[in-house]
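Asker: Letter by letter, the chains look like this.
Protein chains: 2
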Amino acid sequence: MHFSSSEFHNRLKKTKASMIKNNIEVLIITDPSNMNYLTGYDGWSFYVPQGVIISLDYDEPIWFGRMQDSKGAKVTTFLRKENILGYPEDLIQSPPLHPYDYLVDFLNSKNWANKNIGVEMDSYYYSAECHARLLNQCPNASFHNAYLLINWIRLIKSDNEIKYMKDASILTQIGMQRAYDSIKPGVRQNQVSGNIQQSLLSGNKDIGGEYSGLTLILASGISASASHLTPTDKKFKQNEGTIIELSGVKNRYHCPLSRTVYIGNPDSKTQDTLKITNEGIESAIEKTKPGNTAHDVAVAFWDVLTKYGLEKDSRCGYPIGIGYPPDWGEHTLSIRKNDMTVLQPNTTFHLMAGMWMDTWGLELSESIRVTENGCELFCNFSRKLYLI
Amino acid sequence: MHFSSSEFHNRLKKTKASMIKNNIEVLIITDPSNMNYLTGYDGWSFYVPQGVIISLDYDEPIWFGRMQDSKGAKVTTFLRKENILGYPEDLIQSPPLHPYDYLVDFLNSKNWANKNIGVEMDSYYYSAECHARLLNQCPNASFHNAYLLINWIRLIKSDNEIKYMKDASILTQIGMQRAYDSIKPGVRQNQVSGNIQQSLLSGNKDIGGEYSGLTLILASGISASASHLTPTDKKFKQNEGTIIELSGVKNRYHCPLSRTVYIGNPDSKTQDTLKITNEGIESAIEKTKPGNTAHDVAVAFWDVLTKYGLEKDSRCGYPIGIGYPPDWGEHTLSIRKNDMTVLQPNTTFHLMAGMWMDTWGLELSESIRVTENGCELFCNFSRKLYLI
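So the protein lines, in turn, are chains A and B.
Heads up, the first sequence is in the numbering used here, so the first residue is 9 and it goes up one at a time.
Heads up, the second sequence is in the numbering used here, so the first residue is 9 and it goes up one at a time.
Bear in mind the hints are in silico, worked out from the structure with no lab data behind them.
Not one of these hints is a red herring.
No farther apart than 20 Å at their CA atoms in a straight line, the calculated lysine to any residue pairs in the SDA-like style are these: (1) B:Lys82 / A:Thr367; (2) A:Lys22 / A:Ile161; (3) A:Lys345 / B:Asp98; (4) A:Lys192 / B:Asp214; (5) B:Lys192 / B:Lys243; (6) A:Lys392 / A:Gly272; (7) A:Lys345 / B:Leu105; (8) B:Lys345 / A:Leu105; (9) A:Lys297 / A:Thr340; (10) B:Lys242 / A:Asn212; (11) A:Lys174 / B:Asp241; (12) A:Lys245 / B:Ile215; (13) A:Lys22 / A:Asn354; (14) A:Lys320 / B:Leu93; (15) A:Lys242 / B:Val83.
Build the full structure now, drawing on both the sequences and the hints.
Answerer: Next up, the structure:
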């Protein structure tokens, strides 16, 4: 286990307190990051229905999933054997059968199917079908939306969590440096992405990494005008900018970073936009301290953009920590105007300035921890436009 | 575009025919693989709500997604500009607002909100919340479950699709060979996974690859008793088996392969189980031909296991093609008893024998294409237990 029993116990305690506050007796968690947070479970099995059940009247979380993955739960969680449920294989991808029929049977066996049940309505892998099965088969239950209930508990990191994010930041920087060293005119994008992934995973002599919640974003020229295109067979060309967004991962904790490189002599709009964006980032970092809000940070960033007449519609940050595909964001606060979430020590977020223009783009970001008096950057990596 | 206009047109035609058959007037597709199949869209943006709308009374599919990702739709799809809808940023992760409110407005604007609307009830990224928004805000619509409607159309591949899968198979074999060459006692798992990813992505002098729908599975010793654990800082040890499952990816098409390696002298149970599993695979391959059913292939496989008194609960295969996280399986046929899906030329599947035992495991698989008279393997890679 990557955390002590007492840390897991503390997470459960906070969860139960939030359940009571929200009038939830039984909570069904399907977001893989939340499952990991509550039990340590770590497996790429979220492509089939699975989850973690927390009941106010029961001491431990209960993991449920496909029988063949229940062995993974035994290896990676702290749960007692009786709290790991494997449903039979014939429920896998054979409609009209469905794994949630098994879940309903289990809820009934515990007399939980008539309770106030919390479900993560808008979380990954809680499909419309999963919800419909519960609704139809638990007519005496009252369903409550517990979307983000666990995510909000995750907002403030423990020192152990920060430690893993710092480990991840080492991998992040090795990966970004490898990108800088690999990009050359005539080289295929996926030759570079192969090198980057090798660095992110192989790491250094002390630590290596894991797959990330969001894949490596790398796009050049007009493709850099979009936010989420990925490397292909295309070759790097003279006089094109390339955006890179990547993250090292340690024990599922992320530390993302974005940079922009340019082959040749960048035009003035690229240089100017990067300079303004960087000034915005610096201004936002200055406002990142306990007691200030996400709004304050956003205002600091956008004030700089406005000063120079630059527009950006999308938010410029989101919280980070545990991540599984398809995301490494935590979906709670956003760095945007009118988000009045108050920053506290060990709030961690990715201050992410994606400037996606009509036919080109640039990215610049920092992963940040709020400290007792201000903040610190996880990475120490120049924000200058990198010229090749 | 990786496919001709006429191939996309043909896919749309089949889709509309299936819609008519299922009494669906407007179809909302959220599975990223299905979105790609219908429009070519390729971006890692499925972590926010997005989809493709097909209406019987409209000529082209309509893409909707986050504004900043609509530029990616312009770059990667064949759609006319007016058929790419970007919803505003303030709907992103700021409940109670939700992107599906925008979708409802659009459906109303086209007079489609009172139609027979098909939705993929159990597909990835169609959350309970998405469905609830549609249900609540389109009281005059009649909703139909269109789960797997597109997936079933994808079952039989075109020659172009087969070509990309063959490209992917080249990457797959380079990746597996790199695994064989990298695993050594004392080496960290993630040093090996870094090398494998480099090979899968960098490819050879002609082609490189892309991120895969399911990540690299690599697990040793007791972790190999579970089906979906992933590489960590753990070091390879003498007298341990390691399962490896990976896939090269070309233009989102996959060709997965599983093998088992052993450091040292394998015990007889590992050797015997692999030999029996291989005999089962050979028997299943023999039964793979047009006219036979998935059931026939499964019976051939399990008959061998039964002959030797070996048990395996999980299915031994699933269809493959386009994939996005969290999966590279297509969720239609399964190679298991009583699946009476009839094999046809250019049905493609991953014949996957995962033998996950109490404290150890092994894996052996082939990606297979049904031909006019029988079948062919995509890879030409020895199925022997690889000894290090």
